[in-house]
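Fit chain S to the supplied structure of chain B, relying on the hints for placement.
Protein chains: 2
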Amino acid sequence: MANKVREDRRQFLHKAGLGGALTGLVSSISLPVWAGAEKLELPDALPKWMKVPGEEFSNYGQPSEHEQQVIRWISANSAAPGNGVSWTPLHDLQGTITPNGLHYERHHNGVPQIDPAQHTLLIDGLVEQPLSFDLKSLLRYPMQSRTCFIECGGNSNSGWRTNPIQTQAGYAHGLVSNAEWTGIPVKLLLQEAGIKPNAKWVIAEGADAAALNISIPLDKLLDDALLALYQNGERLRPENGYPLRLVLPGWEGILNVKWLRQLRLTDEPLMSRDETAQYTELQPDGKARQFTFLMEAKSLITSPSLGMMLQDNPGTYQISGLAWSGRGKITRVEISADGGDTWVDAELQTPILSKAFTRFNLPWHWQGDYAILQSRATDETGYVQPTREALVENRGRHGFFHYNAIVSWEITEEGDINHVYGF
Amino acid sequence: MANKVREDRRQFLHKAGLGGALTGLVSSISLPVWAGAEKLELPDALPKWMKVPGEEFSNYGQPSEHEQQVIRWISANSAAPGNGVSWTPLHDLQGTITPNGLHYERHHNGVPQIDPAQHTLLIDGLVEQPLSFDLKSLLRYPMQSRTCFIECGGNSNSGWRTNPIQTQAGYAHGLVSNAEWTGIPVKLLLQEAGIKPNAKWVIAEGADAAALNISIPLDKLLDDALLALYQNGERLRPENGYPLRLVLPGWEGILNVKWLRQLRLTDEPLMSRDETAQYTELQPDGKARQFTFLMEAKSLITSPSLGMMLQDNPGTYQISGLAWSGRGKITRVEISADGGDTWVDAELQTPILSKAFTRFNLPWHWQGDYAILQSRATDETGYVQPTREALVENRGRHGFFHYNAIVSWEITEEGDINHVYGF
Numbered sequence: 001m002a003n004k005v006r007e008d009r010r011q012f013l014h015k016a017g018l019g020g021a022l023t024g025l026v027s028s029i030s031l032p033v034w035a036g037a038e039k040l041e042l043p044d045a046l047p048k049w050m051k052v053p054g055e056e057f058s059n060y061g062q063p064s065e066h067e068q069q070v071i072r073w074i075s076a077n078s079a080a081p082g083n084g085v086s087w088t089p090l091h092d093l094q095g096t097i098t099p100n101g102l103h104y105e106r107h108h109n110g111v112p113q114i115d116p117a118q119h120t121l122l123i124d125g126l127v128e129q130p131l132s133f134d135l136k137s138l139l140r141y142p143m144q145s146r147t148c149f150i151e152c153g154g155n156s157n158s159g160w161r162t163n164p165i166q167t168q169a170g171y172a173h174g175l176v177s178n179a180e181w182t183g184i185p186v187k188l189l190l191q192e193a194g195i196k197p198n199a200k201w202v203i204a205e206g207a208d209a210a211a212l213n214i215s216i217p218l219d220k221l222l223d224d225a226l227l228a229l230y231q232n233g234e235r236l237r238p239e240n241g242y243p244l245r246l247v248l249p250g251w252e253g254i255l256n257v258k259w260l261r262q263l264r265l266t267d268e269p270l271m272s273r274d275e276t277a278q279y280t281e282l283q284p285d286g287k288a289r290q291f292t293f294l295m296e297a298k299s300l301i302t303s304p305s306l307g308m309m310l311q312d313n314p315g316t317y318q319i320s321g322l323a324w325s326g327r328g329k330i331t332r333v334e335i336s337a338d339g340g341d342t343w344v345d346a347e348l349q350t351p352i353l354s355k356a357f358t359r360f361n362l363p364w365h366w367q368g369d370y371a372i373l374q375s376r377a378t379d380e381t382g383y384v385q386p387t388r389e390a391l392v393e394n395r396g397r398h399g400f401f402h403y404n405a406i407v408s409w410e411i412t413e414e415g416d417i418n419h420v421y422g423f
Numbered sequence: 001m002a003n004k005v006r007e008d009r010r011q012f013l014h015k016a017g018l019g020g021a022l023t024g025l026v027s028s029i030s031l032p033v034w035a036g037a038e039k040l041e042l043p044d045a046l047p048k049w050m051k052v053p054g055e056e057f058s059n060y061g062q063p064s065e066h067e068q069q070v071i072r073w074i075s076a077n078s079a080a081p082g083n084g085v086s087w088t089p090l091h092d093l094q095g096t097i098t099p100n101g102l103h104y105e106r107h108h109n110g111v112p113q114i115d116p117a118q119h120t121l122l123i124d125g126l127v128e129q130p131l132s133f134d135l136k137s138l139l140r141y142p143m144q145s146r147t148c149f150i151e152c153g154g155n156s157n158s159g160w161r162t163n164p165i166q167t168q169a170g171y172a173h174g175l176v177s178n179a180e181w182t183g184i185p186v187k188l189l190l191q192e193a194g195i196k197p198n199a200k201w202v203i204a205e206g207a208d209a210a211a212l213n214i215s216i217p218l219d220k221l222l223d224d225a226l227l228a229l230y231q232n233g234e235r236l237r238p239e240n241g242y243p244l245r246l247v248l249p250g251w252e253g254i255l256n257v258k259w260l261r262q263l264r265l266t267d268e269p270l271m272s273r274d275e276t277a278q279y280t281e282l283q284p285d286g287k288a289r290q291f292t293f294l295m296e297a298k299s300l301i302t303s304p305s306l307g308m309m310l311q312d313n314p315g316t317y318q319i320s321g322l323a324w325s326g327r328g329k330i331t332r333v334e335i336s337a338d339g340g341d342t343w344v345d346a347e348l349q350t351p352i353l354s355k356a357f358t359r360f361n362l363p364w365h366w367q368g369d370y371a372i373l374q375s376r377a378t379d380e381t382g383y384v385q386p387t388r389e390a391l392v393e394n395r396g397r398h399g400f401f402h403y404n405a406i407v408s409w410e411i412t413e414e415g416d417i418n419h420v421y422g423f
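From first to last, the protein sequence lines are chains B and S.
Using this note's numbering, you'd call the opening residue of the first sequence number 1 and step up by one each time.
Using this note's numbering, you'd call the opening residue of the second sequence number 1 and step up by one each time.
FYI, nobody ran anything at the bench for these hints, they're computed from the structure.
Ideal Cβ placement from N, Cα and C applies to all residues, glycine included.
You can trust all of the hints, since none of them are fake.
Here are the computed lysine-lysine pairs in the DSSO-like style, where the Cα-Cα straight-line distance is at most 30 Å:
| # | chain 1 | residue 1 | chain 2 | residue 2 |
| --- | --- | --- | --- | --- |
| 1 | B | Lys136 | B | Lys220 |
| 2 | B | Lys48 | S | Lys136 |
| 3 | B | Lys136 | S | Lys51 |
Some chain B residues well away from chain S (every beta-carbon gap over 10 Å; in silico):
| # | residue |
| --- | --- |
| 4 | Gly24 |
| 5 | Leu126 |
| 6 | Arg161 |
| 7 | Trp201 |
| 8 | Ile203 |
| 9 | Asp223 |
| 10 | Asp224 |
| 11 | Asp274 |
| 12 | Ala277 |
| 13 | Gly286 |
| 14 | Lys287 |
| 15 | Tyr370 |
| 16 | Val384 |
| 17 | Glu413 |
| 18 | Val420 |
Partner residues aside, some chain B positions facing chain S, computed with beta carbon under 7 Å:
| # | residue |
| --- | --- |
| 19 | Glu56 |
| 20 | Ile74 |
| 21 | Gly110 |
| 22 | Ala209 |
| 23 | Glu234 |
Here chain B stands alone, though its shape is the one from the complex (with noise of 0.2 Å):
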């Protein structure tokens, strides 16, 4: 089916003359007019805003009245309302880093209101020594910064639905967001209890009304983990895991536990029912993946996106992005205008840290022509992002989490913009 909907797509561009050097994709910036600058002078009544004086100082600022629409969006559970998900909207973004206020969130049972003067984080099981730490000890230990996306596996799940979902790409794969962390490194923290040589695991488990817990392997913690206070510079927000929370660099979002209480070592996994029957992926052969850690390549053009429109008039458009993967830096990032048929490098924004955004840009002349929009990401062990038909080939449709297949956004001669299947 797919790929009779593909033969059809691509007859439709052929006929529409998109092919190969034709589809506007420029692959550096010279001197286009920027269509749009009117040729103006200076009006003469000066906006009515220079003729008073301006609001007083805040002591903690907030986004415009006029960005009031640029919201997470909320999916909760009527019955349960502390349990779903909030997407940032990427479609509104724009850089790498994502605002505390718009940091998606994904709660099991809502989020604690938790006292820190009251909170402590327990190290016990396979150590040496089992050790309990208040924040105030915790502040005079020595910090790093991470800047990484943190994705919850079930982000971009409505992909593996048979019909693409007509939503603002923030809205269908905003499960993602990337912050500085600061916080001190767990190796510190572990190592300070002694760990025991049968320790393979360790069990994290928050202090939310879901007592949420999970198995992370031990060498995880002892490579680049985090325990996290600090995100974007201030204090964890409360629905982010004020006041701790564990950071895995690249690993799926449910490991990032928020709100951490216990790290208990152990010798192997608890078979909790977030990593049971929840969090794993069923397989065409009836069997499930479980412990699938690593959040691979993933790429998303966030402008020109559906729910946009080009403004009804041809012209030069930057097409952008973010591609992320949780094997280190991401090399590469393609676009293309035909629905895969040709491919041109974007323009990646520097610094490209590992296992963090990255922010691509190329510029487009839209000629008024029918287009399919596709990014492609490439990450520096060579993966490369899938089309959603590898990927089901794959892994089958009853999969449910780590989604990362390319996106295809069709812009119709009108300028509108549609999510399709099929390239």
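Leaving out everything else, chain S in the frame of chain B:
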């Protein structure tokens, strides 16, 4: 007078045995016992927030109610409440990003409440073709991101006073913040208008009630200037220029004109109020320095710092702070615990970005002795942050702007922290 104080301190330090290797500074993290971990078992009782469902999702998140003391400190003119500053609480922050709610403010007549649909940017003067841009058209232009600090020329100006101000680090030095700005290279817009050969300066004007205007050399706008629309991923905050701000990496804050409405190309500077009566520096010879655009290298220990206490127990503490330079990258930060007699290199957090905050860290074994903590930054041009003595000798005490001397924190034997001069 300063020399006298300095000599007294030196004698005191000498008597206290604080010479060279005895200062407790260590240049690498091995495995000290970071005093404070208690040896406890998990308490039987669950905290109350694990026994009730948590709070629901939110469209736009806010800091924890337990962090309400982490605010911008407002210092405004009571007769004109939109004239003044608010300070970033650097002493409460970690990492390098300043969250948008805490980015410092400097307003001359308050924050204009601009309707972006009615805002335009005019480029005129010595151009081939004056151009006016609305937001809709600007959003189609190619954008770049740049993480950089913006610092008010008047930051740290209490340092010129006779006596050391006893204020928390951010409330004396926090008219500087660091963010990821995303916008259009100004060069692209100027080239579209066409630059006439005799254009040398650009007069930038804001759409606030002060109609703040200032002269900027054209070369800077053709170098690395951005017309910023986004700040840490989201659209600019009103107090930071919504919807348009000029960002001139490494240059004095006032030149980063907020609420930008006009760029007029000229052959000479305007000699506006804010580049003649203000933002100039009276020199010892009675003449004033003018057009002092560049912000020189500077550093500040944010922890431990005034207002904190060393928790009445000796042991290992993490010295942490920020360094930055308008000339480029920070290459070195040295720490002294003995008032400048001996120095140890701090570890610099990576990635080190040009004209951006660099976080430095160094462990310190405090034995309960009297100490003077200092940090000294060096940038990639070889420029070294001066002592207060050297700065005052060179510039006099009436310059008011561009104070970047080494800051000295006195640690008493009781663990109190004071701001002192003379080192």
